[in-house]
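Participant: Chains as they are written, first to last, in the numbering used here: chain A, 1157 to 1339; chain B, 43 to 223; chain C, 32 to 398.
The hints are simulated quantities; they were obtained by calculation from the structure and are not laboratory data.
As the structure is a computational prediction, the values presented were derived from the model and not from experiment.
Backbone N, C-alpha and C fix where the C-beta goes; we use that ideal spot for every residue, glycine too.
Don't take each hint at face value.
What the hints assert, rightly or not - Cross-link-like lysine-lysine pairs, in silico, DSS-like; alpha carbons within 25 Å at most:
(1) K115/B / K125/C
(2) K270/C / K115/B
(3) K81/B / K237/C
(4) K125/C / K117/B
To be verified - Pair by pair, the computed Cβ-Cβ distance ranges are:
(5) T1213/A / E209/C: 36 to 44 Å
(6) R299/C / T207/B: 22 to 30 Å
(7) E99/B / Q158/C: 31 to 39 Å
(8) H79/B / D262/C: 18 to 26 Å
(9) D272/C / R177/B: 45 to 53 Å
(10) G1304/A / D169/B: 39 to 47 Å
(11) L183/B / R191/C: 30 to 38 Å
Stated by the list, open to error - Here are some chain B residues pointing at chain A (derived, C-beta under 10 Å):
(12) L152
(13) F156
(14) E168
(15) V186
(16) T189
(17) R193
Single-letter residue listing:
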Amino acid sequence: MYNDKNSKKIVETIQNWARSHSVWVLAYGTGCGAIEIAPTMTSRYDAERLGFRGAATPRQADVMLITGYLTVKTVKRVVRVYEQMQSPKYVVGFGSCTINGGMYYDSYNTINLLDKYLPVDVYINGCMPRPEAVIAGLAKLQQIIREGKANGAEKYLENLDWYKANQRKIAPKWIAKAPDYNW
Amino acid sequence: MIAKIKAAFPEAVNKAYDGNRLDFTVHKDAIPGFLSHMKEQLGFRHLSHIAYVDWIEENEFEIVYILWSPQDKVKLFIHTRIDRENPVMENIDMIWRQANTYQREMKEMLGIQFPDMVAPDEFILEDWDDIPPFRRDFDTLEYVNRTFWHRPGREDAQDVRETITKRSGEEIPDFAKKYSR
Amino acid sequence: MREKATTIYLGPQHPGITGNMMVRLKVMGDTIVSAQTEVGYLHRAFEKLQERRNWLNSFTLMCRFCVPETDPMENLYARAVESLDNIEIPERAKYIRVMVLELARIATQLMWYAGQNGSLGLYTMGQWSIGDRDYILDLFEQLTGGRVYHMYQWPGGVRRDLPKGFKDKVLNTLDYLEKRLKDYDDLMFANSIFQKRTQGVGYVPKESIIEHGVVGPVLRGAGIRSDIRIDEPYEVYDKLDFEIPTQEGSDIWARALVRRAEVRQSIRIIRQVLDQMPKGEFNTKIPNPMKWRVPAGDTYVRAESGRGEVGYYAVSDGSIHPRRMHLRGAAYVHAITLLENILPGQNIADVSAIMNSLGTCAPEIER
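Work out the full structure, taking the sequences as your base and the hints as a guide.
Facilitator: Rendered as structure tokens:
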């Protein structure tokens, strides 16, 4: 009786509403943009009133902020950390370096497009984005979660081969064959 | 000061500069003796920087050691040249411990070998299998086109100002109209 | 039973490290036996990129070298190009540059308050000091247009003049900060937990100082009075009256006291600059930046940032592109050889405090 479509929809709506109000951010400052996370999370532009607080390990985190450019060495670690996080998980691309490479577009060590390697849910542009822009982006993430459209994790599992092929192109020795996602 | 240095090392070549800067060119084999003499005897105790330049037209690398003397307040530049085909340089680890870091970077970025240095292999780059990247014959844009992708432009590329005017109905002020694409 | 040393990675994803770097520790129990720093997570090959840009475009890359403190890098670029091309800048521009540099120094030390205390567990200081640092960033936004990356100090002077009423706003902010410094003292320096955790930890012996080329507050915390602002004065520092604080002891406590005194001295310098600021032009004319050819030569300019000596070796060969611009970060020697030297014998829990106290800033090391 409780497994028909309407009850499932109601349960999912309540779950998404609860998830959107308590999103824990992984403590990983991967690039330049990490300098504007500190004012966003502290007393002036308080992001904790929206439910965003810092989490120390990937198992306890919901969202990973890729703040700025990613070098090839960091991409390997970021992919491993992303795969250690548990569903539901989201990725927010911060700054114009994740969108099209930014001002390091011709550097041999930084990647240009982030969403060839990881599924991105929200982009925040700027160099750096102001704390108000960051909060606008995080609020948009909350809105997407409530509508049920933040399914980056499922996209990653469906297209795993494509993502792994892209990652292997830049880091052949590190990305071994894909793990078995059967839990 | 110049006279003292010239008395100890007669082959060093000097260039004249004003202010508090001294400039010398030394042959590469005489470098460790020159540097330790500067540090012990003449008071240039602080190693500020070890810089490297790639002169591909003359087929040489140039290494510059920059020393600073806290008592006399004088900067000392020491230039050397190394052959570009087979770059080997002396290790000055025992004089200043920090030179280890500079030498690791030179080995990785330019390919200069330091036979006596004790250091792990990789410093900044990991799994790098191309030529040392800071040489001037390494083309980074071509490498990027080979390995990464660029973001393609939008299919419906529109003018930004017109789009905003149409969407929100606000007027572009007069002073902004003269900056057009 | 024989003990074996375990390897743990204080790795790139860690809430306690400053920036994106890794320290590989070999521990026995809780004591560190040996350490090895690994950098390279932030390498962007700036100097290779600067060779492909002309003199105007490579200026935009300059401020992104070190992210918490961006103004000394712009100052170095401006002074390097001016010394290669023999440009004289007007007095008012020099005074404005000194004011901007000292405001950036106060902002960096406030950020250091947050980092150092966060590594020991006192998170309240982080909330206070980053909130107060935002007032300084507001001043920067009124003056230059950006909070973090300013792009204000251009060869030939500065890009625009001070806005109207700026002097009163700066003085208001300085008065507010001076009142807050007393609150910081009560919470942090009079705190017995802070004292017990920082006294005697992270000791840098005197022989290491010359061997490793230590600069900045680490050098002044060991009792040596040396600062580029008095050794090789640039801009108008020889006309201003300030002191260089030093402490004996050379542990984290001494360096914290040195930084606390530096904030007071910076406030003093800014007040003098505002009193003595002359009227006049704020930049000199330079040729068309798109086609500017700087004469050939090489030069090495230095400045004092909040963390130590930053230096810039610039080579030009007379063409549109710079030949070689090589930066020496202040943390280049602190993070790799010095850290590996002083960590054996300390506890794992103190590694983060030591890294914060030495002022390691990872983007500067690998550019």
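Participant: All hints, please: hold or fail.
Facilitator: Structure-based check of all given hints:
no. : hint                         : in the structure
1   : K115/B / K125/C              : holds, 23 Å
2   : K270/C / K115/B              : holds, 19 Å
3   : K81/B / K237/C               : holds, 17 Å
4   : K125/C / K117/B              : holds, 23 Å
5   : T1213/A / E209/C: 36 to 44 Å : holds, 40 Å
6   : R299/C / T207/B: 22 to 30 Å  : violated, 51 Å
7   : E99/B / Q158/C: 31 to 39 Å   : violated, 56 Å
8   : H79/B / D262/C: 18 to 26 Å   : holds, 23 Å
9   : D272/C / R177/B: 45 to 53 Å  : holds, 49 Å
10  : G1304/A / D169/B: 39 to 47 Å : holds, 40 Å
11  : L183/B / R191/C: 30 to 38 Å  : holds, 34 Å
12  : L152                         : violated, 15 Å
13  : F156                         : violated, 23 Å
14  : E168                         : holds, 5 Å
15  : V186                         : holds, 5 Å
16  : T189                         : holds, 6 Å
17  : R193                         : holds, 4 Å
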